[in-house]
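With chain A's structure known, arrange chain B on it following the hints.
For the protein sequence lines, the chains are A and B, in the order given.
If you read the first sequence in full-length UniProt numbering, its first letter stands for residue 1, the second for the next number, and so on.
If you read the second sequence in full-length UniProt numbering, its first letter stands for residue 1, the second for the next number, and so on.
Treat the hints as calculated values from the structure; they're not laboratory data.
Don't take each hint at face value.
[Claimed, not checked] For each label pair, taking beta carbons as the anchor points, the in silico distance ranges come out as:
(1) Lys156(A) x Leu352(B): 34 to 44 Å
(2) Ser113(A) x Arg348(B): 34 to 44 Å
(3) Val243(B) x Phe220(A): 46 to 56 Å
(4) Glu197(A) x Ser370(B): 50 to 60 Å
(5) Phe220(A) x Gln351(B): 12 to 22 Å
(6) Thr100(A) x Phe289(B): 55 to 65 Å
(7) Glu208(A) x Gly349(B): 19 to 29 Å
(8) Phe220(A) x Glu337(B): 27 to 37 Å
(9) Gly169(B) x Glu208(A): 55 to 65 Å
Even for Gly, the Cβ is constructed at its ideal location relative to N, Cα and C.
The primary structure of each chain is shown beneath.
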Amino acid sequence: MLYAIFGVQTFLQRDLELRNLSLFNRRKGFSYLFQKSLLFPFSISFFLSQGFIYLFLLSSRKSSSPAAIMSSSSPKMITLQSSDGETFEVEEAVAMESRTIKHMIEDDCANSSIPIPNVTSNTLTKVIEYCKKHVEAKSDEEGLKSFDAEFMKIDKDTLYDLLMASNYLDIKSLLDLGCQTVADKIKGKNPEEIRKEFGIKNDFTPEEEEEIRKESPWVFD
Amino acid sequence: MWSNLPFDLLANIFSFLSPDSLACAKSSCRHWHQCARYLATPESQRRHPPWFIALPNRSRGLFCCAYNPIDDSNSSSSWYMLPLDFLPIPTRPVSATAGLVLLRSTSTTPFQLAICNPFTRQFRHLPTLNVTRINPAVGVIELDPGHQFGELNFRAYVAGGMSEAPGGGALYEPKVEMYDSRCDTWKVIGSMPVEFAVRLTVWTPSESVYSNGILYWMTSARAYSVMGFEIATNSWRELSVPVADRLEFAALVQRNGKLTLLGGKCGGDACIWELGEGDVWRMIEKVPFELGMRFLGGKGCWDSTKCVGNNGIVCLYKDLGSGMLVWREVVDEGRWEWFWIDGCCSIRGQQLQNFQIKGLLLHPNLAHSSLLNA
Numbered sequence: 001m002l003y004a005i006f007g008v009q010t011f012l013q014r015d016l017e018l019r020n021l022s023l024f025n026r027r028k029g030f031s032y033l034f035q036k037s038l039l040f041p042f043s044i045s046f047f048l049s050q051g052f053i054y055l056f057l058l059s060s061r062k063s064s065s066p067a068a069i070m071s072s073s074s075p076k077m078i079t080l081q082s083s084d085g086e087t088f089e090v091e092e093a094v095a096m097e098s099r100t101i102k103h104m105i106e107d108d109c110a111n112s113s114i115p116i117p118n119v120t121s122n123t124l125t126k127v128i129e130y131c132k133k134h135v136e137a138k139s140d141e142e143g144l145k146s147f148d149a150e151f152m153k154i155d156k157d158t159l160y161d162l163l164m165a166s167n168y169l170d171i172k173s174l175l176d177l178g179c180q181t182v183a184d185k186i187k188g189k190n191p192e193e194i195r196k197e198f199g200i201k202n203d204f205t206p207e208e209e210e211e212i213r214k215e216s217p218w219v220f221d
Numbered sequence: 001m002w003s004n005l006p007f008d009l010l011a012n013i014f015s016f017l018s019p020d021s022l023a024c025a026k027s028s029c030r031h032w033h034q035c036a037r038y039l040a041t042p043e044s045q046r047r048h049p050p051w052f053i054a055l056p057n058r059s060r061g062l063f064c065c066a067y068n069p070i071d072d073s074n075s076s077s078s079w080y081m082l083p084l085d086f087l088p089i090p091t092r093p094v095s096a097t098a099g100l101v102l103l104r105s106t107s108t109t110p111f112q113l114a115i116c117n118p119f120t121r122q123f124r125h126l127p128t129l130n131v132t133r134i135n136p137a138v139g140v141i142e143l144d145p146g147h148q149f150g151e152l153n154f155r156a157y158v159a160g161g162m163s164e165a166p167g168g169g170a171l172y173e174p175k176v177e178m179y180d181s182r183c184d185t186w187k188v189i190g191s192m193p194v195e196f197a198v199r200l201t202v203w204t205p206s207e208s209v210y211s212n213g214i215l216y217w218m219t220s221a222r223a224y225s226v227m228g229f230e231i232a233t234n235s236w237r238e239l240s241v242p243v244a245d246r247l248e249f250a251a252l253v254q255r256n257g258k259l260t261l262l263g264g265k266c267g268g269d270a271c272i273w274e275l276g277e278g279d280v281w282r283m284i285e286k287v288p289f290e291l292g293m294r295f296l297g298g299k300g301c302w303d304s305t306k307c308v309g310n311n312g313i314v315c316l317y318k319d320l321g322s323g324m325l326v327w328r329e330v331v332d333e334g335r336w337e338w339f340w341i342d343g344c345c346s347i348r349g350q351q352l353q354n355f356q357i358k359g360l361l362l363h364p365n366l367a368h369s370s371l372l373n374a
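Isolated chain A (complex conformation):
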């Protein structure tokens, strides 16, 4: 293709040269000048256009990919990598449920795969499951409610990991859901029961405990 352009260019150049020569030889005058003046910008613009065509073909070849041609039908995929090295391919819309990842994509830092250093593959699987469902069934409020209720039927360790992950990834709906679940486990319990539930050690000194009791005497009856 390039050679063809080059060939045409040289041919025309030589042609023009010949014409100029003949013009010069033949006669001088207004018509001669007129012709020359026409030819000169014409040739310049012709060379310029060749240059533009060349550059356009170069750029299109570089970025031409099946995805660009078919962009209207298949979604862009993002790769996430958990702390233990496993990779997950998710749709961009699903990944964008996380504000942290959304900012990375917008700031153009998400070229190959995004590492998520604080989240293990088990937790990341659950997070992706949640985000997928919430993107797919966005308008189905009832369906999402029952999904959320089932989703939160997990042991406390998984709940803890989910909380930390959704906090890091900044997924507000999952974070609030997790916090509400923890709050529900706290409700209706006295401090000793709360400690048992969450494996919390009582690290108050006896004096401090006395202070605490005096602070909120209305719950300690």
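Positioned in the frame of chain A, the structure of chain B alone reads:
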């Protein structure tokens, strides 16, 4: 693991807890205690309804009672007893604002205000007024929460009362003073017409209600009427009360931005009016007959009724042992419904004697405020 959750995450969890659950949670370990003590989230106010606090009406009360509208615990009583032994002087409650109770001192003759938080057991005097007076009317407005944590956000207005005349004797004080919690000072902001000062001093038993830039007081000079103080323009006006001559009891509350009036007629009826455009009262609701009769307890007289209300809730009450009538907005449904709440005769097995109360609606604030250290 759980005891080391980052503070912001823990604060988010705590914002889903009602005050009694939060009190238990913060008593479990040091980390949680720190978080609850110093981090108050405004979300928790949105998520939980206010509590009804029954404060003793007369001088030195040893405790007050708080009613939890949502009962998560398994205990049979939703009432809690909050000791008031941390109050250094005898006081009488005025109103509630910004998670605090505003009190007026009953031991000192010149008028003095104080604030306290019955849930954190903190108390503080407010500075003395510029103009010494006795028995004025008090108005309070809550300001939008500021950016600094622990900031107190309210303004108090004092108007009327009696002060010493220059040559001896007493006069009705026309100067109006304002206290801004952010500056912690009183400022004289203007004067009021003397006849209004008289009525505010003599015939204004209840505290003010704030609605749309105006502080309203219900006065009962023979027949009920309402006085309004427009803060921005510093002007005073008077509003009539519907069927004022037939009302045995009348009270103002603020309901979702509208000034609302509850009135009980002799004969047992009670109606609710709302103030609309052009200062016209429009009847919007009647107290259901059966509930009304139950509340009156067969006496058929509204005399000792009192009322308190705030945004989505209105309470009619008498004293601690008698039942309460509550008119509450159902969240997300835009309609209101009536409830009956039994009076409080015992809390956690301890029998209580009945006493006269002043009821306030308060969002319990369990966070310690450094500004409340006396």
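These are the hints, each one checked on the structure:
| no. | hint | in the structure |
| --- | --- | --- |
| 1 | Lys156(A) x Leu352(B): 34 to 44 Å | 40 Å, holds |
| 2 | Ser113(A) x Arg348(B): 34 to 44 Å | 59 Å, violated |
| 3 | Val243(B) x Phe220(A): 46 to 56 Å | 49 Å, holds |
| 4 | Glu197(A) x Ser370(B): 50 to 60 Å | 32 Å, violated |
| 5 | Phe220(A) x Gln351(B): 12 to 22 Å | 20 Å, holds |
| 6 | Thr100(A) x Phe289(B): 55 to 65 Å | 59 Å, holds |
| 7 | Glu208(A) x Gly349(B): 19 to 29 Å | 28 Å, holds |
| 8 | Phe220(A) x Glu337(B): 27 to 37 Å | 34 Å, holds |
| 9 | Gly169(B) x Glu208(A): 55 to 65 Å | 57 Å, holds |
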